[in-house]
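Residue 36 in our numbering sits at position 36 of the sequence shown; the count goes up by one each step and never skips.
Here are the simulated distance ranges between beta carbons:
#1 Ser16 x Tyr39: 26 to 32 Å
#2 Thr3 x Lys38: 17 to 23 Å
#3 Lys7 x His44: 15 to 21 Å
#4 Thr10 x Gln47: 16 to 22 Å
#5 Val18 x Tyr39: 28 to 34 Å
#6 Val36 x Ser16: 28 to 34 Å
#7 Val18 x Lys38: 32 to 38 Å
#8 Ala1 x Glu23: 17 to 23 Å
#9 Leu37 x Asp17: 26 to 32 Å
#10 Ala1 x Val43: 17 to 23 Å
#11 Glu40 x Asp17: 23 to 29 Å
#12 Gln47 x Asp17: 17 to 23 Å
#13 Pro15 x Lys38: 26 to 32 Å
To be clear, the hints were calculated from the coordinates, so they are not data collected in a lab.
Fair warning: this is a prediction, and the values are worked out from it, not measured in the lab.
No residue lacks a Cβ here, since even glycine has one placed at the ideal position from N, Cα and C.
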Amino acid sequence: AETRGWKVETLESSPSDVGGFKEIVMKVSGEDVFRVLKYESGVHRVQRV
1 AETRGWKVET LESSPSDVGG FKEIVMKVSG EDVFRVLKYE SGVHRVQRV
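Using the sequences plus the hints, can you model the full thing?
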């Protein structure tokens, strides 16, 4: 998002009982955001290797 010049805003966040976050809701705004992200939906999980 930063590379494309989009603005990212955190709307809600829920901390986890074991540290980190259980859920984060973010708003992304800027030029062509919908065109690029229109097929992104559902849950996205961050997984560490």
